[in-house]
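Student: So the protein lines, in turn, are chains U and E.
Okay, so the first sequence: first residue is 1 according to the working numbering, each after it adds one.
Okay, so the second sequence: first residue is 100 according to the working numbering, each after it adds one.
Bear in mind the hints are in silico, worked out from the structure with no lab data behind them.
Please note that a few of the clues may not be correct.
Have a look at the derived ranges for each label pair, beta carbon to beta carbon [as the list claims (entries may be wrong)]:
#	chain 1	residue 1	chain 2	residue 2	range
1	E	GLY721	U	SER95	51 to 61 Å
2	U	THR15	E	ARG733	20 to 30 Å
3	U	ARG86	E	GLY684	46 to 56 Å
Here's a subset of chain U near chain E, in silico, CB distances under 8 Å, partners left out [claimed, not checked]:
#	residue
4	GLY18
5	VAL21
6	LEU22
7	ASP56
8	VAL91
9	GLU94
10	SER95
11	LEU97
12	LYS98
Sample of chain U residues with no beta-carbon within 12 Å of chain E, all distances over it, derived [claimed, not checked]:
#	residue
13	PRO3
14	LEU9
15	VAL34
16	THR47
17	ARG86
None of the values given here were measured: they were computed from a predicted structure.
Beta carbons: idealized from backbone N, C-alpha and C, even for Gly.
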Amino acid sequence: MSPTAYLVLASLLFTIGGVGVLVRRNALIAFMSVELMLNACNLAFVTFARMHGNIDGQIIAFFVMVIAAAEVVVGLAIIVTIFRTRRSASVDDESLLKL
Amino acid sequence: MLTHTGSVQPAEGVFSATWLLILLPLVSAAVLLLGGRRLDRAAPIIGTIMPAASFVYALVLFITMVGRDAEARAFSLPLWDWFAVGGYEVSVGLQLDQLSMAFVLLITGVGSVIHLYSIGYMAEDDRQGRFFGYLNLFVAAMLLLVLADDFLILYVGWEGVGLASYLLIGFWQHKDSAAVAAKKAFVVNRVGDAGMSLAIMSMFVVFGTTAFAGVFPAAAEASEGWLIAIGLLLLLGACGKSAQFPLQSWLLDAMEGPTPVSALIHAATMVTAGVYLIVRAADIYDLAPAAQTAVVIVGAITLLMGAIIGTAKDDIKKALAGSTMSQIGYMMLAAGLGPAGYAFAIFHLLTHGFFKANLFLGAGSVMHGMNDEANMRRYGALRAAMPATFITFAAGYLAIIGVPPFAGFFSKDRIIEAAFGENFLYGFAALLGAGITAFYMTRVMLMTFAGRKRWAEDAHPHESPSVMTIPLWILAALSVVGGLALLYIGGGIVDWLEPVTGEEHHELPIPAVALTGIIIAVVALGIATAWLVFGRQPVPATAPAGSFVTVAARKDLYGDAVNEAVFMRPGQYLTRSLVYAENKGLDGAVGGIAAAFGGLSARMRRIQTGFVRSYALSMLAGAAVVVVAMLLVRLP
Chain U
1 MSPTAYLVLA
11 SLLFTIGGVG
21 VLVRRNALIA
31 FMSVELMLNA
41 CNLAFVTFAR
51 MHGNIDGQII
61 AFFVMVIAAA
71 EVVVGLAIIV
81 TIFRTRRSAS
91 VDDESLLKL
Chain E
100 MLTHTGSVQP
110 AEGVFSATWL
120 LILLPLVSAA
130 VLLLGGRRLD
140 RAAPIIGTIM
150 PAASFVYALV
160 LFITMVGRDA
170 EARAFSLPLW
180 DWFAVGGYEV
190 SVGLQLDQLS
200 MAFVLLITGV
210 GSVIHLYSIG
220 YMAEDDRQGR
230 FFGYLNLFVA
240 AMLLLVLADD
250 FLILYVGWEG
260 VGLASYLLIG
270 FWQHKDSAAV
280 AAKKAFVVNR
290 VGDAGMSLAI
300 MSMFVVFGTT
310 AFAGVFPAAA
320 EASEGWLIAI
330 GLLLLLGACG
340 KSAQFPLQSW
350 LLDAMEGPTP
360 VSALIHAATM
370 VTAGVYLIVR
380 AADIYDLAPA
390 AQTAVVIVGA
400 ITLLMGAIIG
410 TAKDDIKKAL
420 AGSTMSQIGY
430 MMLAAGLGPA
440 GYAFAIFHLL
450 THGFFKANLF
460 LGAGSVMHGM
470 NDEANMRRYG
480 ALRAAMPATF
490 ITFAAGYLAI
500 IGVPPFAGFF
510 SKDRIIEAAF
520 GENFLYGFAA
530 LLGAGITAFY
540 MTRVMLMTFA
550 GRKRWAEDAH
560 PHESPSVMTI
570 PLWILAALSV
580 VGGLALLYIG
590 GGIVDWLEPV
600 TGEEHHELPI
610 PAVALTGIII
620 AVVALGIATA
630 WLVFGRQPVP
640 ATAPAGSFVT
650 VAARKDLYGD
660 AVNEAVFMRP
670 GQYLTRSLVY
680 AENKGLDGAV
690 GGIAAAFGGL
700 SARMRRIQTG
710 FVRSYALSML
720 AGAAVVVVAM
730 LLVRLP
């Protein structure tokens with residue numbers, strides 16, 4: 001099989017995610033963009049696993065999913081807390097944390 | 100010719116607790132200084148009883164010592180091993196012989212009387228605990244100095260005396276002048292101490308030990324060059340403590356301390372340490388005639404300088420301080436004459452201890468009654484207002500100028516005789532000093548007790564309380580009979596000291612009786628001159644301009660000016676240039692580096708914006724750079 005199509009899709013998704021993180025102010029959107037980048041990576045891992053005929057890539061993909069789930073828990077909690085105090089979910093508002 | 104203590108025996112019986120002499124005042128010093136203000140009320144009692152107890156014990160020792168043969172009167176008492184470095188071992192020990200005994204009696208006896216007087220003099224002061232603690236420390240340090248059997252132990256006492264004098268001269272440290280005087284005394288003494296420590300180091304190099312028992316017997320085998328060097332260095336140390344030329348400048352300023360302190364410094368402790376050192380190191384000086392000559396010259400110069408300074412001072416304490424310099428000069432001169440003079444140096448030291456303590460305490464009594472006024476031009480006609488002070492002061496006065504049969508006559512007469520026996524010039528200097536002494540002491544006497552009243556308007560002179568006059572009577576009695584008693588009772592002090600100092604008699608160029616007559620004539624001339632100037636005509640209440648000699652003497656013969664021009668100014672320039680180099684050079688380099696990093700970090704700080712997205716962008720850019728770099732590396 002040719003991995004080209006899968007890898008193109010993965011880089012496409014990664015780029016969309018990266019641009020989303022950089023340009024969107026809404027913390028939730030930025031968060032979703034990060035998820036998109038992670039999943040693009042997962043797609044690439046699985047593709048390579050299939051290509052080489054072993055399961056190393058798939059195992060790493062599982063790890064990424066687990067880490068992503070944990071990250072979602074912490075990240076969403078932070079976002080909700082900030083939203084409660086600031087009444088906004090803009091990532092630029094966090095610059096207040098800087099001295 | 101060798102004169103060291105030939106037969107020092109281990110201490111036994113009543114002598115085996117000689118350390119108690121030092122321990123008693125030391126303990127009360129510790130108690131009073133650590134006890135703080137709670138002990139202020141009890142301090143005069145504790146602080147006076149302990150030195151007095153020490154004196155009683157010293158008397159017991161003295162009487163026991165008198166009961167023994169002349170050859171069996173010196174004792175050594177090893178206490179403990181202090182330290183051992185390689186082959187050099189120092190053990191702490193005491194040596195009590197005839198010489199130390201004389202000093203111990205003077206220090207504890209006159210010291211106790213001064214303590215007693217201080218009870219009255221310092222009654223108004225609110226820091227009595229500290230004052231008596233320092234006084235006791237002074238006495239303890241001085242006792243250690245004269246009882247040590249090793250130059251290193253002596254040095255401990257030597258430094259203790261320096262410390263205590265610093266604390267006491269600056270006791271009223273709220274006065275700037277007192278604080279400065281204390282510092283000056285300390286710094287000048289450090290110069291002498293440097294000589295002292297170099298002398299001890301030289302002894303270690305030459306003899307391999309610093310114990311008296313090791314150094315003195317071995318002195319005969321050492322090279323004369325080393326002996327002269329050690330002798331001169333010891334002389335430098337003695338000059339510092341005894342305020343001899345060229346280290347005399349601290350003594351006159353030291354009058355800033357309370358008057359009992361001046362009495363203690365000038366009579367019983369401190370300034371006598373230098374004379375003790377020279378006499379104790381007799382074995383070294385006897386083998387180094389050049390160093391002996393230096394001692395005599397220093398003594399002769401100081402005795403004339405002190406006398407001249409004494410003639411012009413209007414401050415009663417400073418006039419007496421000038422006389423102390425002069426009298427210590429006599430002792431140094433005698434000590435420099437070798438075995439012919441050692442005993443007389445100690446004899447004069449003892450009588451001087453009596454009459455100088457008497458004079459200082461008398462001056463303190465006058466000041467006490469005159470609202471602490473020390474200017475003699477503000478005195479006059481105090482004879483009627485203070486009869487007890489007048490009579491006792493007069494006894495001290497007659498003793499110091501050497502009117503027979505008062506104490507100073509015998510001791511000074513012997514020194515002048517010994518000086519003439521050695522060299523006409525020495526004798527002439529000593530004789531001239533006696534005349535000037537008679538002049539300035541008569542001046543003090545006339546300005547204070549005779550003439551018209553020149554008092555300040557609010558002055559109400561009154562006699563001091565009996566706790567102050569009793570010490571005056573005791574010391575006056577000693578000033579009257581002390582010389583006669585010391586010279587003639589039981590063979591006298593010369594026989595007493597003979598086993599330690601040796602004895603030698605030079606032929607006089609003229610009969611001794613004739614010389615005594617000349618001395619008395621010179622003294623009478625001094626008195627008459629003073630009476631013509633200060634007795635017959637009224638003393639002006641403000642000082643007249645005076646001749647160039649008077650002006651110079653008022654300024655301590657420019658001793659301070661010389662020190663300032665030769666040492667202080669160049670020192671200041673040196674420090675100033677070093678400070679400049681330090682500021683511009685070292686500080687500039689260090690400060691420049693710090694400033695550069697500071698500026699750099701201020702710029703770097705801008706990168707941290709606080710916006711999450713810009714951090715994300717830089718991470719992405721970084722990742723992209725890594726990827727590109729990897730691609731570039733792997734492509735070929």
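Student: Minimum Cβ separation between THR47 of chain U and chain E greater than 12 Å?
Tutor: About 18 Å separates THR47 of chain U from the closest Cβ of chain E, which puts it past 12 Å; holds.
Student: Is the Cβ of PRO3 of chain U farther than 12 Å from every Cβ of chain E?
Tutor: Its Cβ never comes within 12 Å of chain E, the nearest being 18 Å, so this holds.
Student: Closer than 8 Å between Cβ atoms is the bar; does LEU22 of chain U clear it against chain E? Give me holds or violated.
Tutor: 6 Å, holds
Student: Let's test the interface hint: is any C-beta of chain E closer than 8 Å to that of SER95 of chain U?
Tutor: Since chain E brings a Cβ to about 3 Å from SER95 of chain U, closer than 8 Å, the hint holds.
Student: With a cut-off of 8 Å on the beta carbons, see whether GLU94 of chain U makes it to chain E.
Tutor: With a minimum Cβ separation of about 6 Å from chain E (threshold 8 Å), the hint on GLU94 of chain U holds.
Student: Looking only at beta-carbon atoms, does the pair THR15 of chain U, ARG733 of chain E fall within the given range of 20 to 30 Å?
Tutor: Holds: the Cβ-Cβ distance is about 22 Å, inside 20 to 30 Å.
Student: Is it correct that the beta-carbon of LEU9 of chain U has no partner in chain E closer than or equal to 12 Å?
Tutor: The assertion about LEU9 of chain U holds, with a minimum of 19 Å to chain E.
Student: For VAL34 of chain U, which was marked as not at the interface, is the minimum beta-carbon distance to chain E over 12 Å?
Tutor: With a cut-off of 12 Å, VAL34 of chain U comes too close to chain E, as the shortest Cβ separation is near 9 Å.
Student: Go ahead and decide if the range 51 to 61 Å is satisfied by the Cβ distance of GLY721 of chain E to SER95 of chain U.
Tutor: Check failed, 21 Å falls outside 51 to 61 Å.
Student: Does ASP56 of chain U pass the interface check with chain E, least Cβ-Cβ distance below 8 Å?
Tutor: 20 Å, violated
Student: Are LYS98 of chain U and chain E close enough, Cβ to Cβ, to be under 8 Å, as the hint says?
Tutor: 3 Å, holds
Student: Holds or violated: LEU97 of chain U as interface residue toward chain E, Cβ cutoff 8 Å?
Tutor: 7 Å, holds
The earlier numbered hints that this structure contradicts are 1, 7, 15.
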